[in-house]
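**Student:** What follows is each chain in one-letter form.
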Amino acid sequence: DAKTTQPNSMESNEEEPVHLPCNHSTISGTDYIHWYRQLPSQGPEYVIHGLTSNVNNRMASLAIAEDRKSSTLILHRATLRDAAVYYCIIGTSYGKLTFGQGTILTVHP
Amino acid sequence: EAQVTQNPRYLITVTGKKLTVTCSQNMNHEYMSWYRQDPGLGLRQIYYSMNVEVTDKGDVPEGYKVSRKEKRNFPLILESPSPNQTSLYFCASMRSGGGTGELFFGEGSRLTVL
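Protein chains in written order, with my numbering: chain A, 650 to 758; chain B, 155 to 268.
Computed, partial: chain A to chain B, Cβ under 10 Å:
(1) 681
(2) 685
(3) 690
(4) 692
(5) 693
(6) 694
(7) 695
(8) 700
(9) 742
(10) 743
(11) 746
(12) 751
Derived by calculation from the structure, the hints in this document are not laboratory data.
Using N, Cα and C, we set each Cβ at its ideal position, and we do this for glycine too.
Next comes chain B alone, as it looks inside the complex:
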């Protein structure tokens, strides 16, 4: 089954404790991206990757890091989480990043930073 898998789905952590949210897709997609969703602000793109070893900032990259060492994985790293990073996070992938395709979203990861 074609899917985008995120882990963990739910996480409560404390300020400053590094964490990684993993994202994996099994569709051999070139393009992957991360979003955060907050009440009243909709979905905002954090980082995106057009292909392996190619990443770019979205609209809200501050406080986040990403890497794309292999095609199927695109982890989101919070080196020193803060309470303002409490949010619902979505990972998504697309066959290619030229804007012409369909984005497939994961089920979301709800993160709470105390």
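Okay, chain A solo, but in the shape it has when bound:
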């Protein structure tokens, strides 16, 4: 099964872009890359997911390396509400999901 590696923590200033990296060197060809975030005392919340191409939605962008062994979640303008733990997850086509350890994002005003 694919494993993910994320930095333990990152910091950003409000209104600046944030690039959250994730390594998943053992990902297989049909595995999806998901990102979720979790606020204190809440369940994880969907952010974005993709397979091969870069993806954009209203919350963030997902940049996937050409070899798919790494990806980057991009928050274009961080706000204080974006402070959370961000999880990079590999999802297989048969339903198994493997979470990374998560990156604690701190956003400074």
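Go by the hints and put chain B onto chain A.
**Tutor:** Just chain B now, with coordinates in the frame of chain A:
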């Protein structure tokens, strides 16, 4: 309102006393799954179900059982709980299990086994 509902939200029990944590979703989702979250270990998948009567082990299935007799419900059963199963548990559902969708999580169930 679309939601995943877990019960109980909080439970303190003793070693060996069987318990069930219920999970129900109202979105007609095919895929449901259970996770435990522990400090320093992040979220780990316990069991998942691609559809009714189809269940598979995740990364940490030992000590747990599940069943999926109907689409909306996916209970987590601890036949003989032990202190190392003290954790925060999350249930989640997705429209289908092919990895292409959005997981909807419940609010979590905090279990303490004495």
